[in-house]
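Q: If you're matching them up, the sequences are chains A, B and C in order. Mapping to this note's numbering: the first sequence position 119 is 119, numbers consecutive. Mapping to this note's numbering: the second sequence position 259 is 566, numbers consecutive. Mapping to this note's numbering: the third sequence position 253 is 872, numbers consecutive.
Since the hints were derived computationally from the structure, they do not count as laboratory data. Glycine residues also receive a C-beta, built at the ideal position from the N, C-alpha and C atoms. Don't take every hint at face value.
[Stated by the list, open to error] Below 16 Å or equal to it, Euclidean Cα-Cα: the simulated EDC-like pairs (lysine to aspartate or glutamate) are:
hint : chain 1 : residue 1 : chain 2 : residue 2
1    : A       : LYS227    : C       : GLU728
2    : C       : LYS651    : C       : ASP820
3    : A       : LYS304    : C       : GLU700
4    : C       : LYS819    : C       : GLU692
5    : C       : LYS626    : C       : GLU728
6    : C       : LYS819    : C       : GLU650
7    : C       : LYS626    : C       : GLU650
8    : C       : LYS681    : C       : ASP643
9    : A       : LYS223    : C       : ASP643
[To be verified] Here are the simulated distance ranges between beta carbons:
hint : chain 1 : residue 1 : chain 2 : residue 2 : range
10   : C       : PHE860    : B       : LEU535    : 57 to 63 Å
11   : B       : TYR369    : A       : PRO42     : 29 to 35 Å
12   : C       : PRO759    : A       : ILE128    : 23 to 29 Å
13   : C       : THR925    : B       : ASP339    : 41 to 47 Å
14   : B       : ILE362    : A       : MET1      : 44 to 50 Å
15   : B       : LYS348    : C       : GLY837    : 54 to 60 Å
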Amino acid sequence: MFRFILRRIAIAIPTMLILIIISFVLIKSAPGGPFTSERPLPEQVLANIEAKYGLDKPYHQQLIDYIVGIVTRGDFGPSFRYKDRTVNDVIAQGFPVTLTYGFWSFIVAVSVGVSLGIIAAIFHNSWIDYFAVGISIGAQVLPNFVMAPILVIIFTLWLNWLPGGGWHGGQWQYIIMPVIALSTSYMASIARIMRSSMLEVLNSNFIRTAKAKGLSWRRIIFKHALKPALLPVITYLGPAFVGMITGSVVIDMYFSTGGIGREFVNSALNRDYSVIMGITILFGFLTISFNLLVDILYAWIDPKIRY
Amino acid sequence: MVKMVIGAKKIAEMAENIASKEMGKSHSLWADAFRRFFKNKASVTSLIVLILIVIFAFGAPYISKWNNEEIDWAILGSINELGRPSLANGHYFGTDDLGRDLFVRVAQGTQISLLVGFVGALIAVIVGTLYGAIAGYFGGKIDSFMMRLVDILMSIPYMFVLILLLVVFGRSIFMLFVGLGLISWLDMSRIVRGQTMVLKNKEFIEAAIAGGANHFTIIARHIIPNLLGVVIVYASLLVPGMILAESFISFLGLGVQEPNTSWGALISDGAKTVLHGRLWQLLIPLAFFVAGLFSFFFIGDGLRDALDPKDR
Amino acid sequence: MSLLEFKNLSVNFTTFSGTVKAVDNVSFNIEKGETVAIVGESGSGKSQTMLAALGLLAENGKAEGSVKFAGRELINLEISELNKIRGNKISMVFQDPMTSLNPFIRISEQMIEVLTLHKGMSNAEAKKEAIRMLDAVHLPDAKQVINRFPHELSGGMRQRVMIAIALSCKPEILIADEPTTALDVTVQAQMLDLFKGLTKDFGTSLILITHDLGVVAGIADRMLVMYAGRIVEQGNVEQIFYTPRHPYSFGLLHSTPHVDNPKLRLDPIRGLPPSLENLPSGCAFHPRCDFKLERCLKEAPKLVHTADGRANACFYKGELKREGREK
């Protein structure tokens with residue numbers, strides 16, 4: 001197991017480096033520097049600023065400095081737009097918010113999706129099965145940016161139950177809609193995957209053996225069928241995680257939750273390169289670490305995987 | 308986002324079927340598939356809906372007396388009352404917040420969304436097919452290097468890279484096509500590679516090699532035509548994936564720019580005014596978005612069933 | 620009262636192309652301690668008969684008629700009641716040992732769960748008993764093997780584990796569905812010896828589902844021959860082997876090599892087993908039968924019991940004989 005984890009990390013590190021290099025090269029190939037603006041700065045001032053940010057050094061030196069800064073000090077450098085803020089400040093401010101509703105969305109998507117999938121498989125071809133299938137087909141066309149305004153129409157405009165946006169330190173009424181909007185389509189996909197893999201497992205020979213042993217259906221489902229049926233869901237967790245991280249940008253924009261996504265879009269509109277790059281790398285790091293965890297989880301569940 | 312809707316494994320499984328069936332009696336295979344597709348009620352209905360949407364997208368501008376950039380000054384300031392959908396003033400779908408006619412705007416957005424979907428999918432299909440066919444055909448070290456690269460690229464959160472790309476090179480429709488296409492070929496390349504590896508051991512490929520054909524000819528004349536079934540099915544599912552991705556980016560205001568628009572941009576505009584009670588500005592583009600995506604998914608499903616008899 | 624009584628059992632499957640009758644009005648009894656072989660080609664309904672008795676039919680299958688275990692009706696018995704019998708009084712060993720054990724659970728757990736459920740043992744007691752059972756099925760190194768996962772075992776070892784599980788509650792009936800087909804020939808013989816020994820030791824009735832007449836000769840007391848969902852002949856193994864009365868049994872015997880008379884030419888039954896979706900009229904065997912009469916095309920013969928304890932379902936009463944079999 002230990003060697004398996006090491007091997008996975010050995011793949012994760014170059015992936016991370018490639019992401020950093022791609023971002024870096026993209027930004028350096030942008031026409032115009034970060035300080036090009038409508039009113040050109042005097043040459044001397046520009047040179048001073050560039051020296052201050054280390055932009056006068058050769059590109060490879062800048063890249064190495066950047067990577068060293070991240071690895072040794074966790075330092076993503078200063079913002080190019082706001083003189084008084086570093087990228088780290090931006091992240092420190094927004095990330096806890098993103099993490100909070102992101103965490104709950106993930107929990108909701110997985111727990112509701114898995115339960116719904118299991119129930120649909122157990123009651124195969126009953127109304128509850130059709131209901132689950134209907135939801136999962138419908139949710140394919142209800143991504144977060146469609147769910148968010150629909151939820152606002154229902155719960156804010158019509159029912160007036162929940163506030164249409166804001167965060168207020170993460171009080172529950174401000175978390176509910178972001179979580180539903182972010183988790184719905186992934187919940188539905190998980191339910192669909194869980195249902196079909198559970199159906200497949202329930203038709204397998206070893207489940208027939210379990211029935212022939214006289215085991216109760218509870219034991220058959222939870223002891224014999226659950227683990228194998230979960231494997232496809234676990235494979236899907238990686239893409240779902242990426243999707244939710246990406247979707248958090250929509251949530252922050254639409255619900256004004258103050259998470260990191262709004263900063264990302266604003267910096268994209270302002271061409272605040274260091275912030276975009278910092279956030280991209282942070283999310284890349286999260287994704288890659290999460291995929292690592294998923295691989296380990298998979299290997300832990302499936303005894304047939306040899307490390 | 309593409310992965311959200313497609314089980315790559317399932318496609319790979321059925322790809323095997325298609326490829327193995329295609330040898331020899333390819334004519335009857337396509338005829339069969341055609342017949343099966345048209346027996347599937349959901350896909351045929353979807354195809355009709357999609358055709359209606361296309362007719363609307365290109366026909367609406369000729370019907371309406373408004374054009375997409377014209378502002379109706381008469382209703383400005385009282386959009387809540389006068390900007391509603393109405394037959395009387397010719398704003399069949401109402402107006403947007405700036406007093407522009409939504410009927411024409413939706414048609415224009417539909418054109419662009421469909422265009423992005425098809426062009427993006429086309430780029431992804433071309434790049435993915437070539438990449439996968441080359442990796443699968445040559446195998447060995449070339450294959451493992453190329454596929455390791457795909458693995459690595461797959462674990463990068465591509466939406467952020469795409470946004471980065473748009474920021475750096477400017478937010479234009481052209482950039483959107485290229486960006487979407489370039490990040491969506493990964494799944495395609497994997498599927499094609501797997502298929503190619505199956506194909507290259509078939510007798511007719513060996514015969515072609517023995518006949519002295521060069522690698523390029525073999526890939527272009529023998530491998531790729533036999534991948535057509537898989538590619539069609541996968542491409543039909545890529546299109547809605549592309550539309551979803553484009554809508555996502557446009558929703559954030561980072562995609563299609565004014566005065567152009569798309570489903571995502573229209574939904575974004577509509578979503579902002581929901582609390583002012585101008586629901587039609589959201590619900591009409593949303594209805595097109597939902598109907599369009601549903602159609603694409605069901606057509607994709609129908610194609611898969613038609614080309615993969617085992618699955619029925 | 621017999622231990623297990625099948626009366627007018629039918630099994631139907633609802634498929635896209637209509638209803639398929641896999642088992643058609645089958646009646647027979649199993650007595651305590653005897654070994655009965657059910658012989659037939661694939662699709663003859665021999666497995667489905669047994670799966671129906673234990674409520675293990677696929678989702679689209681439905682059983683009608685009656686199966687009584689020690690006087691108690693099993694068909695449509697409540698699942699919780701059925702679970703007290705399955706794995707406890709009647710247990711089953713399946714054809715494919717590679718896929719019939721749960722690959723995600725250790726052998727120990729898969730063995731212990733039956734004992735704790737049916738015999739109320741503690742985990743520690745159950746594990747001891749499980750190891751004892753593994754020894755009984757001659758699995759070497761039982762103490763180590765029990766802690767492994769199924770994929771770490773060979774096919775023969777897995778089948779031994781399956782048998783150990785099936786016998787661990789000392790069932791009154793053991794149903795073995797082609798227990799040796801998936802195994803190497805050398806292992807097959809060991810497996811049969813094992814069955815013979817164990818059923819004798821435990822006093823268990825054995826129902827052996829097979830298409831292999833060699834297996835039947837070696838182990839069974841009685842045999843039932845099934846064709847297209849019906850019993851066409853039943854009786855003692857010796858009787859049927861020496862004087863088959865149904866042309867199908869006759870054909871089966873002549874398509875099997877004889878070690879003691881190698882001069883006999885192999886003479887397979889011509890044609891293919893019929894598709895259940897589209898059975899021939901009258902006697903389902905008539906298109907392949909060398910002795911068919913006019914009547915066989917219109918009317919299906921009933922199973923007729925005779926005074927010597929045998930039964931067969933055929934209109935032809937003459938001698939079954941084929942010319943020129945000596946090489």
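Q: Hint by hint, note whether the structure agrees.
A: Here is what the structure says about each hint:
1. LYS227(A) with GLU728(C): holds (14 Å)
2. LYS651(C) with ASP820(C): holds (13 Å)
3. LYS304(A) with GLU700(C): Judged against 16 Å, a Cα distance of about 35 Å means the pair is violated.
4. LYS819(C) with GLU692(C): violated (27 Å)
5. LYS626(C) with GLU728(C): violated (37 Å)
6. LYS819(C) with GLU650(C): Within the cut-off at roughly 14 Å; holds.
7. LYS626(C) with GLU650(C): This hinted pair holds, its Cα atoms lying about 14 Å apart.
8. LYS681(C) with ASP643(C): Cα-Cα ~12 Å, so holds.
9. LYS223(A) with ASP643(C): violated (36 Å)
10. PHE860(C) with LEU535(B): 57 to 63 Å: Once the Cβ atoms are compared, 58 Å apart, the range 57 to 63 Å for LEU535(B) and PHE860(C) holds.
11. TYR369(B) with PRO42(A): 29 to 35 Å: Given range 29 to 35 Å: violated, Cβ gap about 55 Å.
12. PRO759(C) with ILE128(A): 23 to 29 Å: At 49 Å between Cβs, range violated.
13. THR925(C) with ASP339(B): 41 to 47 Å: Once the Cβ atoms are compared, 54 Å apart, the range 41 to 47 Å for ASP339(B) and THR925(C) is violated.
14. ILE362(B) with MET1(A): 44 to 50 Å: Distance hint for ILE362(B), MET1(A) is violated at roughly 59 Å.
15. LYS348(B) with GLY837(C): 54 to 60 Å: Distance hint for LYS348(B), GLY837(C) holds at roughly 57 Å.
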